[in-house]
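**Student:** Protein sequence lines, in the order shown, are assigned to chains R and D.
Under the numbering used here, the first residue of the first sequence carries the number 3, and numbering increases by one thereafter.
Under the numbering used here, the first residue of the second sequence carries the number 47, and numbering increases by one thereafter.
Source of the hints: derived by calculation from the structure; they are not laboratory data.
For glycine and all other residues, C-beta sits at the position ideal for the given N, C-alpha and C.
A couple of the hints might just be wrong.
Below, in silico cross-link-like pairs of lysine-lysine (DSS-like), each with a Cα-Cα straight-line distance of 27 Å or less [as the list claims (entries may be wrong)]:
no.	chain 1	residue 1	chain 2	residue 2
1	R	Lys1037	R	Lys192
2	D	Lys301	D	Lys324
3	R	Lys824	R	Lys878
4	R	Lys498	R	Lys525
5	R	Lys5	R	Lys121
6	D	Lys48	R	Lys525
7	D	Lys414	D	Lys321
8	D	Lys48	R	Lys478
9	D	Lys48	R	Lys494
10	R	Lys985	R	Lys969
11	R	Lys272	D	Lys408
12	R	Lys500	D	Lys48
13	R	Lys1037	R	Lys1012
14	R	Lys816	R	Lys760
15	D	Lys383	R	Lys498
16	R	Lys944	R	Lys976
17	D	Lys189	D	Lys48
18	R	Lys944	R	Lys1037
Covered, in the sense of this in silico footprint (three residues per stretch, anywhere, with C-beta under 8 Å from a C-beta of chain R), are these stretches of chain D [as the list claims (entries may be wrong)]:
no.	stretch
19	271 to 285
20	397 to 403
A short list of chain R residues far from chain D (calculated; beta carbon distances all over 10 Å) [said to hold, decoys possible]:
no.	residue
21	Ala124
22	Asp130
23	Ser348
24	Ser485
25	Asn904
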Amino acid sequence: MPKRTDINRILIIGSGPIIIGQACEFDYSGTQACKALKEEGYEVVLVNSNPATIMTDPEVADRTYVEPITPEVVAQIIAMERPHALLPTLGGQTGLNVSVALAQSGVLDQHGVELIGAKLDAIQKAEDRELFKKAMQEIGLSVPTSGIAHSLEDANALISMIGFPAIIRPAFTLGGTGGGIAYNIEEFEKMVGVGLALSPISEVLVEESVIGWKEFELEVMRDGADNVVIICSIENVDPMGVHTGDSITVAPAQTLTDKEYQYMRDSAIKIIREIGVDTGGSNIQFAVHPDNGRQVVIEMNPRVSRSSALASKATGFPIAKIAAKLAVGYTLDEIPNDITRQTPASFEPTIDYVVVKIPRWAFEKFRGTDETLTIQMKSVGEAMSIGRTFKEALQKGLRSLETGWHGLDNHELEELPLSELDQKFTVPNVERIFYIKQALRQRMSIDQIHGYTKIDPFFLYNIKQIVDFEAELEEKFGGWTSSEPPTESTRKLVYKAKQFGFSDRQLASICDASESDIRRWRKSAGIVVTFKTVDTCAAEFEAETPYYYSTYSSEDEVRPTSKRKVMILGGGPNRIGQGIEFDYCCVHAAMALKDDGYETIMVNSNPETVSTDYDTSDRLYFEPLTLEDVLNIVDREQPEGVIVQFGGQTPLNLALGLQEAGVPIIGTSPNDIARSEDRKLFKEVLDQSGLAQPPNGIATSIEEAAPIAESIGYPVIVRPSYVLGGRAMQIVYNEELLMGYMRSAVAASPEHPILIDKYLEDAIEVDVDAISDGNITVIGGIMEHIEEAGIHSGDSDCVLPPYTLAEDQIDQLKEYTYALAKTLNLCGLMNVQYAIRNDQIFVLEVNPRASRTIPFVSKAIGVPLAKLAARVMAGKTLKELGFTAEIEPEYFSVKAPVFPFNRFPGADSRLGPEMKSTGEVMGIDMNLSQAFAKAQDACGDKLPLEGTAFISVRNKDKRAILFIARKLWDMGFKLIATHGTAKVLRRNGMDVTLVHSIGKGRPTIYDYIKNHAVALIINTPTGDSHHSNERLIRKMAIEHNIPLFSTIAGASGAVNGIDALRRGEISVSPLQSYYDEHEI
Amino acid sequence: MKAILALSDGTIFEGEHFGASGETSGEVVFNTSMTGYQEVLTDPSYKSQIVTMTYPLIGNYGCNEIDIESAKPQVEGFVVREYSSRHSNWRSSGSLDGYFKEHGVIGIQDIDTRALTRRLRVHGVMNGVLSTEDLLPESLVAKAQAWPGLIGADLAGRVTCSDSYSWSDPGTALGEQPEVIPEPRFRVIAMDFGVKYNILRQLTRHGCEVQVVSAHTSAYDILAANPDGIFLSNGPGDPEPVDYAVETIRQLVGKKPIFGICLGHQLLGLAFGGKSFKLKFGHRGANQPVKRLDTGQVEITSQNHGFCVDIESLPKSVEVTHINLNDQTLEGIRHTKYPIFSVQYHPEASPGPHDASYLFEKFTDLMKGA
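With the hints as constraints, model all of the structure from the sequences given.
**Tutor:** Here you go:
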């Protein structure tokens, strides 16, 4: 069927900020869809509040609304834009939920908007557990025994029928938030309570446990002619009971016979037809009983999902792009397969390698929370690896994670006796695979480990092969020295090790040599890597798209060209502090350099990203970002330049090693980057530039710390020198806390000193992003934080342009930034963090590389800074590029962070110098209050228009709070406050209800929150003494989803925002309309 | 133990042997199915062929007594990247290694099967020798070059049954739904050119009482039995040398409903006056897209053939019903006057998708209407 001509304008809803369970995979899918639809001549209208996405680049859609993704706002956009159709299946659960809400409320009908891809009834049939179950039974498929409960009584009636363990799944929550496995009635009742509260429709599913069953997923696509194909099968190494996002998974399925696989395939086809997803992709999960093969259907996502991103990267089949084309009427056989070009998309990819995906968690940032892995997803990112065997892919995957593992190595875990080991892997946890390794080393049998873990013996056997071979290496290779000439037997041994995925680092640690010794010898022995192609067809047809992975084999398929080429190192798996923003920069580098005529080579291991789309760069290497793997690619491709400053800390960590190996790094030199990171050298830099930093010192022992802190004066910020991204960073207020930190948090030593800085209380923090070509430096943006200094910049709200700084302060910041750029010989991007206190400017940190705020600033000023930087690094001047003057927008852009605390009950949700947010949103408006209100709305903290406001502030904020409280009072809010605050407010003529401080009588704020009687909380911290109270309030606010402001500036912004909202002034405009004046 | 695969173009692949030891020759071909190695191994259409699986991990789920397509493995040799010596599946009753040892099939692992596949794709399938005995490359290459090859060989004649037999096993399907197998309503004679069991199981499932007869059975004998329909089975190799069967089929045309699969389809094509040719590297896998021209729908099909009937060579009385979307070659035909149709691919799957199983119903419908 040809494409539809009765629709012209199509609305796509993105997935908003990065949160656990919904990350950059939806930027990948959304970007593909926008491009595909534009290519077909449709007009694309996009809504997404996340500025760090490629899809919100002004040229990707025709009109881009960086506005909150709520039914109200999207309805407003629909009324303005009058799209003919809405494609709801590409923006994750967020996009789907909003689409459903708009369809149900009649907005779509009212404006004549057609849902394409999946209709409302299909979405509901897939998402509503009861409807889904019924649909499955109608087509003769099994589902776990289950029932729906809307109350605790319902649930108790069900559990007597289902028995323990039972699974509780709240309806319509993202990534299964609030779900769990209950083994007893007490746990059960607690989980049902939480689940009912979290479910927007107060509904939970209570289900027969299939824990320990084998878990599979199929990615299915259907077109308008009812053709259905399976793109990929995925098998979870961790069986049922661990969320698939938290499982190590493998593609394709490894342990199903063809008969079982075809039965599953038939089921999947029946399901997509029965549910009625018209066109596009769906993900269907199955559980298989390991002993009798019983297959049950677990769930279906009637949309593109995280697994479809993985499946796209694993097979080379672009699911989202094809889904978009199918949605406008094409059939699969009308769309060519991009990779082979000569065959159509109506086939099933077959692969001739093994793909392993391993999640990455961030529990170290959320101490105190339960770290076991359950059916609720907790990981923040993932790495994918490709090898010719499971062993190779597994070890490549482990080293791709960048968590200090170089493969299935001898991780720094305490060696446990067998009697204790079983506990370490019976309950799923982050390090389970390493404990399994320990058990195998101690000769526990595969069957025994299978008994504890239910992990399929096939996978355990493969792990055992690695373990056994490691023992063989230790025996035969342990005494190797670098002067030894290659013998045939060592050559064979090492070749096999490489085929098993052992890294040079692992080999080096086995024989106590250096990584470079191993590499040199290995190459001299002729053991060099080969690259193979991901081609969707197992070599049956020639691949046109160069998408490669490494392995050790007899044939290398890479044919390097003689073009001028630049290699871009990506950011690896997402983690807190390093995510989509860096991928955005890498993608921009590839686009800009492609435009300049370079061949671009991308290296990355993160399957969720746009950078690993095969058409983002000219060549894609899906490889771990380790020195060894990157050097292998450099050896083969011989690029004239390598860009390390766009992928965050990951490639920067490789910079010096690459430079030593003679790799040409373009942009700011690794030595200058190092100067900014090294404490001592950095001090010299500042002195050279005539700039100040907060008083500070370095302690190399516990004893040294106290006198240093004393001389600087409390409070101080302490952190280990060797960790980055604010890890283990804390503000301490007195010696006792300092000693506690020194003793528990870190071991100080001369190699690993502890840095102690003066904490500048009540200072304003400012972020500056700048670009330099080595000759001139131009400021991209100056962002004033709303929270005071001391809260990690990634966790702060900020405003561009600054809203309280004086003209001379801004000029000074610029001058300082120019000076730093000059001293650091900057070529490319730089981010500087300043603190301003009492008119004095201090430099907190300088990062001569792309920062997390680059996409935000680029969106705010309408200039693609990362693209300019890439071109500057390749030799262009800013003058040639036409960017020589700062842009000071007339409008305001507010960036607000989004936190994952609801996933980590028990963890401290207080903000501080260590970053904890997973993502960010942007609010943009001509009016600051409205921009602020939009940002709040976009991150899910919708500002209340009425109700009760709780106010409790420290003494020095009492004066400042008056104005804020008065405004709330004037707007009709009821005020409640703790003793001291209440007194001040009353004296100033406001009616205030007294609320007791916690532990000093009832009712407390605790009671109000429980009774849903509070709409807004303003609570400024009082230093260290009341932290426990504040911590509790914060925790409860998060659990009950009540907006909380912990700074006067934040509260002031909120109150102005409420005012603006109450006046009904919020309006939406496309990003493109802000940029009209300047064009770059 | 070391083993070597030598190709007639001089390429040598060294690896480790598994299964039986010895020496074997055949045409080296690749199959791109990710599952179903046991079905592939036991498919008689692989007679005289050394098969390499493009999926690198083989043996993972072991072997069982059910997933067989004939009484024993039929491939001459089996080439894989990594053989898994531990298997895991509730259906398995033994290892692939044990199965090979029992039936004397030589396996070789640690081979860069992708490099091998690419070579076959670029240069076309070629003859090869797989050996654990003679490890001298030159000698093996010479043997590969001396091996006569498939073109012109009557392999169907070699694998066909010697005695006629009846088939009534519907096989077992997975799933929890109780199965209703219809009582036999149609008597079908299946000409055996190397028939796969799953075809016979599928016919049984569709209410056919099947009598399997040798490829050498005459038209007279077949018609004398007065069946409701005649089935022409799949089988190995080149259709042209099976001229005796082509002649038999020619005599059957117009007399009874006929359904042909794979080699059966090719023989039917020749009987209609068509010509066959050898494909460069064949179609072997479970992901081949076939377009059904009457509805426009696409079926994902299981295929295994090295020869093909030329669309241009077909007479007007024959209508093209299916084409391959990858290379536009012929996948299915029907006679415009008589109740006769055939497909080049494998609607019985095994291994592979079940998208085309409707064809068995079509056959019974034709018999119903006849």
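**Student:** Against each hint, give a clear statement of whether it holds in the structure.
**Tutor:** Hint check:
1. The straight-line distance between the Cα atoms of Lys1037 (chain R) and Lys192 (chain R) is roughly 18 Å, inside the 27 Å bound, and the hint therefore holds.
2. For the hint linking Lys301 (chain D) to Lys324 (chain D), the alpha-carbon distance of about 30 Å lies beyond 27 Å, and the restraint is violated.
3. Using a Cα cut-off of 27 Å, the hinted pair Lys824 (chain R) and Lys878 (chain R) holds, with the two alpha carbons roughly 18 Å apart.
4. Between Lys498 (chain R) and Lys525 (chain R) the CA atoms are separated by roughly 15 Å; this keeps the pair inside 27 Å, and the hint holds.
5. For the proposed pair Lys5 (chain R) and Lys121 (chain R), the alpha carbon gap of about 18 Å is at most 27 Å, so the pair holds.
6. Under the criterion of a C-alpha separation no larger than 27 Å, the hint pairing Lys48 (chain D) with Lys525 (chain R) is consistent with the structure, at around 25 Å.
7. As the CA atoms of Lys414 (chain D) and Lys321 (chain D) are separated by approximately 31 Å, the hinted pair breaks the 27 Å bound.
8. Our distance criterion of 27 Å between C-alpha atoms is met by Lys48 (chain D) and Lys478 (chain R), whose separation comes to about 21 Å.
9. Taken as a hint, the Lys48 (chain D) and Lys494 (chain R) pair is honoured in the structure, with Cα atoms around 14 Å apart against an allowance of 27 Å.
10. Taking the CA atoms of Lys985 (chain R) and Lys969 (chain R), the gap is near 17 Å; set against the 27 Å cutoff, the hint holds.
11. For the suggested pair Lys272 (chain R) and Lys408 (chain D), the alpha carbons sit about 21 Å apart, so the restraint of at most 27 Å is met.
12. With a C-alpha separation of about 20 Å, the suggested pair Lys500 (chain R) and Lys48 (chain D) falls inside the 27 Å cut-off, and the hint holds.
13. The hinted pair formed by Lys1037 (chain R) and Lys1012 (chain R) meets the criterion: a straight-line CA distance of about 12 Å does not exceed 27 Å.
14. Between Lys816 (chain R) and Lys760 (chain R) the alpha-carbon distance is near 24 Å, which keeps this suggested pair within the 27 Å criterion.
15. For the proposed pair Lys383 (chain D) and Lys498 (chain R), the alpha carbon gap of about 62 Å is over 27 Å, so the pair is violated.
16. With a C-alpha separation of about 18 Å, the suggested pair Lys944 (chain R) and Lys976 (chain R) falls inside the 27 Å cut-off, and the hint holds.
17. With a CA separation close to 18 Å, the supplied pair Lys189 (chain D) and Lys48 (chain D) stays within the 27 Å bound.
18. Restraint check for Lys944 (chain R) and Lys1037 (chain R): satisfied, since their Cα atoms lie roughly 18 Å apart, inside the 27 Å limit.
19. Counting residues of the stretch 271 to 285 of chain D whose C-beta sits closer than 8 Å to any C-beta of chain R gives 0, which falls short of three, so the coverage hint is violated.
20. A stretch counts as covered by a chain when three or more of its residues have a beta carbon under 8 Å from one of that chain; for the stretch 397 to 403 of chain D and chain R the count is 4, and the coverage holds.
21. Against chain D, the non-interface label of Ala124 (chain R) holds: every CB pair exceeds 10 Å, the least being about 20 Å.
22. No Cβ of chain D approaches the Cβ of Asp130 (chain R) within 10 Å, the least distance being about 24 Å, so the stated non-interface status holds.
23. Interface exclusion of Ser348 (chain R) from chain D breaks down, the closest Cβ pair being 4 Å apart, not more than 10 Å.
24. Distance check on Ser485 (chain R): its Cβ is at least 30 Å (rounded) from any Cβ of chain D, clearing the 10 Å threshold; non-interface status holds.
25. Listed as a non-interface residue, Asn904 (chain R) keeps its Cβ farther than 10 Å from every Cβ of chain D; the least gap is roughly 38 Å.
Figure legend: structure checked against the earlier numbered hints; hints not met, in rising order: 2, 7, 15, 19 and 23.
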